[in-house]
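Protein chains: 2
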Amino acid sequence: MYPILTVGSVAFDSMKTPLGEASRVVGGAATYFSVAASFFTDVRLVAVVGDDFTEDQMRVFADRRIDLTGLQRVPGETFRWKGEYSCDFNTRETIYTHLNVFDAFQPVLPDSYRPTPFVFLANIHPALQSDVLTQVHQPQFVAADTMNYWIEGTPNDLRAVLGRVDALIINDEEARQLSGESNLVKAARTIQQMGPELLVIKRGEHGVLMTRDRGFFAVPALPLETVIDPTGAGDTFAGGFMGYLASAGEINDAVMTRAIIAGSALASFAVEDFGLERLLRLTPDALQDRFSEFKRLTHFEAL
Amino acid sequence: MYPILTVGSVAFDSMKTPLGEASRVVGGAATYFSVAASFFTDVRLVAVVGDDFTEDQMRVFADRRIDLTGLQRVPGETFRWKGEYSCDFNTRETIYTHLNVFDAFQPVLPDSYRPTPFVFLANIHPALQSDVLTQVHQPQFVAADTMNYWIEGTPNDLRAVLGRVDALIINDEEARQLSGESNLVKAARTIQQMGPELLVIKRGEHGVLMTRDRGFFAVPALPLETVIDPTGAGDTFAGGFMGYLASAGEINDAVMTRAIIAGSALASFAVEDFGLERLLRLTPDALQDRFSEFKRLTHFEAL
Numbered sequence: 001m002y003p004i005l006t007v008g009s010v011a012f013d014s015m016k017t018p019l020g021e022a023s024r025v026v027g028g029a030a031t032y033f034s035v036a037a038s039f040f041t042d043v044r045l046v047a048v049v050g051d052d053f054t055e056d057q058m059r060v061f062a063d064r065r066i067d068l069t070g071l072q073r074v075p076g077e078t079f080r081w082k083g084e085y086s087c088d089f090n091t092r093e094t095i096y097t098h099l100n101v102f103d104a105f106q107p108v109l110p111d112s113y114r115p116t117p118f119v120f121l122a123n124i125h126p127a128l129q130s131d132v133l134t135q136v137h138q139p140q141f142v143a144a145d146t147m148n149y150w151i152e153g154t155p156n157d158l159r160a161v162l163g164r165v166d167a168l169i170i171n172d173e174e175a176r177q178l179s180g181e182s183n184l185v186k187a188a189r190t191i192q193q194m195g196p197e198l199l200v201i202k203r204g205e206h207g208v209l210m211t212r213d214r215g216f217f218a219v220p221a222l223p224l225e226t227v228i229d230p231t232g233a234g235d236t237f238a239g240g241f242m243g244y245l246a247s248a249g250e251i252n253d254a255v256m257t258r259a260i261i262a263g264s265a266l267a268s269f270a271v272e273d274f275g276l277e278r279l280l281r282l283t284p285d286a287l288q289d290r291f292s293e294f295k296r297l298t299h300f301e302a303l
Numbered sequence: 001m002y003p004i005l006t007v008g009s010v011a012f013d014s015m016k017t018p019l020g021e022a023s024r025v026v027g028g029a030a031t032y033f034s035v036a037a038s039f040f041t042d043v044r045l046v047a048v049v050g051d052d053f054t055e056d057q058m059r060v061f062a063d064r065r066i067d068l069t070g071l072q073r074v075p076g077e078t079f080r081w082k083g084e085y086s087c088d089f090n091t092r093e094t095i096y097t098h099l100n101v102f103d104a105f106q107p108v109l110p111d112s113y114r115p116t117p118f119v120f121l122a123n124i125h126p127a128l129q130s131d132v133l134t135q136v137h138q139p140q141f142v143a144a145d146t147m148n149y150w151i152e153g154t155p156n157d158l159r160a161v162l163g164r165v166d167a168l169i170i171n172d173e174e175a176r177q178l179s180g181e182s183n184l185v186k187a188a189r190t191i192q193q194m195g196p197e198l199l200v201i202k203r204g205e206h207g208v209l210m211t212r213d214r215g216f217f218a219v220p221a222l223p224l225e226t227v228i229d230p231t232g233a234g235d236t237f238a239g240g241f242m243g244y245l246a247s248a249g250e251i252n253d254a255v256m257t258r259a260i261i262a263g264s265a266l267a268s269f270a271v272e273d274f275g276l277e278r279l280l281r282l283t284p285d286a287l288q289d290r291f292s293e294f295k296r297l298t299h300f301e302a303l
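Protein sequence lines correspond, in order, to chains C and A.
Just so we're aligned: 120 in my numbering is position 120 of the first sequence, and the numbers increase by one with no gaps anywhere.
Just so we're aligned: 272 in my numbering is position 272 of the second sequence, and the numbers increase by one with no gaps anywhere.
Please note that the accuracy of each hint is not assured.
No copy is singled out in the list; a pair is fine if it fits within one copy or between any two copies.
[As the list claims (entries may be wrong)] Taking lysine to aspartate or glutamate and the DMTMM-like style, the derived pairs with C-alpha atoms no more than 20 Å apart in a straight line are:
| id | residue 1 | residue 2 |
| --- | --- | --- |
| 1 | Lys186 | Glu173 |
| 2 | Lys186 | Asp42 |
| 3 | Lys16 | Asp285 |
| 4 | Lys186 | Glu77 |
| 5 | Lys82 | Asp172 |
| 6 | Lys82 | Asp63 |
| 7 | Lys295 | Glu250 |
| 8 | Lys186 | Glu225 |
| 9 | Lys186 | Glu272 |
Calculated directly from the structure, the hints in this document are not laboratory data.
Every value quoted in this text rests on a predicted model; they were computed, and no experiment measured them.
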């Protein structure tokens, strides 16, 4: 079992969904990732919060395998985001993004973090992703996320970091935009040429697609009767996926496919309540039951 | 192994896709269904063509297990349809629909068809679907398709036939429209209340979702590098699904899940060329290989 390092945002999120709203709850990509990954392994968090981030809010990380040595606390306000989802949850409008202390964030790895073998670079400026990577001593497996903003705005910085990662974990729209290909198979091959040997494509309510030596592995999302809030589902997936990989001690096709299920199972919980709520009260037994649900959802006997 | 009866359209299709176009090729829901189902069992076709439907065009049915006793040939022109697909294949515009001889179609079952245990009512007026059902002697398993046109235009006729079928095979948009629910789990439960115990939801490039005793079975579509023409993929899926069920001799959960794979595999071939082309040159060995591809695409070891 290996520890995993992640760098990304810790934020205050407000969201309005067809089933209600929540205001100023703790979120951010690195938060969802860390909480999810900590179900499987030790997590080392690199992020920044403002002095408005209270001890009470810090409790989302408490009693979990999350090392906060790399969490900077600086004067100013914490990153704030607000979004509103459409009736069918398929589109989301950003109401505001206030970077606040995140605007000047310079990730600095504590010495104790430098030898971490597994690294996840959450969605931040690709130049910062590269900078973090440079601070890690010989990482074994590095995955990154990104978004349309960096694909359009900082293509060169993005290309530079893509050349240094083992895996890219993005959604289908981003895969199409980054590759310029509408067909996902072609999109995947094009992105692999940019550096990452492994591409994991998140398809929201349609599940996940992963490249492998020959062809793909794919899993549908678990059909859920009640979806309350999809915020953070993608980062939760990444946390479950990477956390499981790091915990497995070796990387092979069977481990990778199970890691996809681990991520999918955690993401299926994440959407069942606002923000981190469902993940924070998730028990290992409930998680194990959901692994079985995914097996039942997808299993068939060979024809 | 049981034979299967289907009623629906046989048509001349013209289509324009991002990768080319084809003009006046043999298509229609009942055609795709019959060719697909005939890979597994004997098919009894009930449909109508005009006197412009040549012997040469009739060859799509030749040397297959398709009984044409119920195929009426009447004076006039065959049903004609033309459609154009968007760049990403996700939307399709109908350029024209000329019902022609299909407009006055009155399905009449030959006596030899009446005892058929498996029945598929393709997408035609729900009153005609009911009429056909009345002509069958004690069918064991009946499935139907429908479309937005009937959901909006003839809701009472549709409700009447839904009360008489075992299964409904429709796409996700139709499921949402018919149920008035945007969540597919709720949509499925609502539609089951209307009659069909089994609901199979086709999600295009995202695969298929099927209700079962507890929860769902889901399979992603096979990621394909080249999609030429999606016309008929849904009816091909239905043909593979129903044909496999009828050939299995019994209906249980394991058979149903394999039938979903059979349908998905056939549909994955259908889109690889225009119209029926790929299905017409499909060999049993290639089909068997694709079953294995679906297993590899989706299989993971339990966590």
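**Item:** Violations among the numbered hints, reported as their numbers in ascending order
**Value:** When the structure is compared with the hints, numbers 2, 3, 4, 5, 6 and 7 turn out to be violated.
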